[in-house]
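Undergrad: Chain residues, written in single-letter form:
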Amino acid sequence: MSVLSLAAVSVQRGSRALLAEVSLEVAAGETVGLVGESGAGKSTLVRVALGLERPHSGTVRWGIDDPWALSTAARRAARARLGAVFQQPAASLNPRRLIGASIGEPLLAHARALSARERQDRVAAALAQVGLPGQFAARWPDALSGGEAQRVALARALILKPALVILDEPTSALDASAAASVLNLMGELTRESGTAFVIVSHDLAAVAYVARRCLVLEAGRLVADGETDALYASATPPALSRLLAARTERFVPLSATR
Amino acid sequence: MPTERVLLQAEGFGVDYDSTPILADIALSVHAGEVVALIGASGSGKSALLRALLGLSPATAQTRGLLRFAQADGGLRERRDITPLRGATIGFVPQDPQTALSAHRTVAQHLDEVLATHAPGSTRPMRAEQAAALLTSVGLTGELLPRYPHALSGGQGQRVLVALALAGNPAILLADEPTSALDPRATHELLALLQAQARVQRRGVLIVSHDLSATAHAADRVAVLAGGRLVEIGATAAVLSQPQHPLTAALMAACPPLTPPRPARLAEAPRPAPCARVARACAFAATCGRAQSVCAETPPAWRTIAGREVACHWPLGAA
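Protein sequences appear in the order of chains A and B.
Following the working numbering, the numbering of the first sequence begins with 998 at its first residue and continues without gaps.
Following the working numbering, the numbering of the second sequence begins with 6 at its first residue and continues without gaps.
Just to be clear, a hint being listed does not mean it is correct.
[Said to hold, decoys possible] Which chain A residues face chain B? A few, computed with CB under 7 Å, are given here:
1) G1143
2) A1203
3) Y1206
What the hints contain is simulated information worked out from the structure, not anything from laboratory work.
Heads up, the beta-carbon is just placed ideally off N, CA and C, and yes, glycines get one too.
Extracted from the complex, chain A is given alone in its bound form (with noise of 0.2 Å):
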């Protein structure tokens, strides 16, 4: 069963179409990536995903649920299906606030009726999930590093045990060993979760190695929906054979035999 889809769905922006006639599904458990240029309408799409955009035509489904046909009220509560990243960890995590409370505060809009205990218990567990020891709940997001606030935020994501998890560039603000470890949870949630993913990113590498599907956005149109790796050897359509020449990385990582 679908977790997420669109059906032709567009979004207007005055006279220019920031996405023309977008549909796809993503399946329970499964990790699509999704790639474009700048402005191909990635932004947008994943607003549109997590209902905090509505779509000027087309339909938009949270498995069965069609999130603009519920009360605001429905709406709202449905969106607990749904989990997000963003790119810039800092930014995602209310300073003022203890790393236990940020992530527990889902649970505080959608389970009310969970006791403190039981939220601690859910936030503990949460913050296992993601790899990091339990005493990180009382410390302060000043007190993280780039990839421990992702995690941090990943956790956050995945409190609500949500179907599908939207990470918009989670690894770019990252320099390589905390992209690494980020990446590598990644793998190890897509294995073993049972949430669906989707990944968007302008490093195709990482999108390769989380994502065994792939979606290709240009000028708010999908242009290609296939296996991520067939994809990348084929180097069409023109918008992907672009982002490929454009990659920067020109040496051989170590970890590859090419």
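With chain A's structure known, arrange chain B on it following the hints.
TA: Chain B alone, transformed into the frame defined by chain A:
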């Protein structure tokens, strides 16, 4: 580039914040016509070095060693007060156009202000001509002059920042993570622009970045900073094709390959001990897989191997 003029030279340079060493033993030079990439993970001390080079260290910071800058007559001179050099000798390209530019001023107003600062006697029409020329020199057109920062793409905003840094015609361009918010194509174009500033205008370009892969290919030389110290410096091709310091190798192995085969887990680089604690040992003595007892007892001396310098007791050697 031994024949080229040295524009910037650090020697035994270090910075203490509140008596705690943040940077130590920095020896680095930037020559006219070359691009140097200074690569460091978060916490490596690259922001502290950047601030020190711009004379923007906190007032309570203490510096050790020397910073020398090129003089108009071609010589090098030690400078303690860097403030007067900012803009005229060393031009700074900040990281993020949306925060570096004022949201309620146009591109023209930004350029005019900087040009007026560098040439107090100039007239507005003179500056308008210069502003247009500066935009052209960074590959933009006068069309952008009336625009506000929000109406610029990431790549355009970054180029405007380069134009502003060039307004004082500096010998050295210092860029802080200039590509971290750009897509691959804009990254490529911006690095080409910085490279042209070195090649054609004979400036020295120092790019500070956490991203070895994104910046290195545009650089002639790469310097790797970790725990407040440099660990490896050399020609880009030599360092990247055969890194000698375990950290450099680990940073490279941390980048996933584009095509299969892929490792089941990516390498995560060893963490250095804080600068303050490593005066008598290698910063990686506790975390490096190759460490021997000597690593915890003596700081590694610099040695030259295969065209680069490396500070390691047990460099990786020929593959």
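Undergrad: Each of the hints needs a verdict: does it hold here or not?
TA: Status of each hint after checking the structure:
no., hint, verdict
1, G1143, "5 Å, holds"
2, A1203, "6 Å, holds"
3, Y1206, "4 Å, holds"
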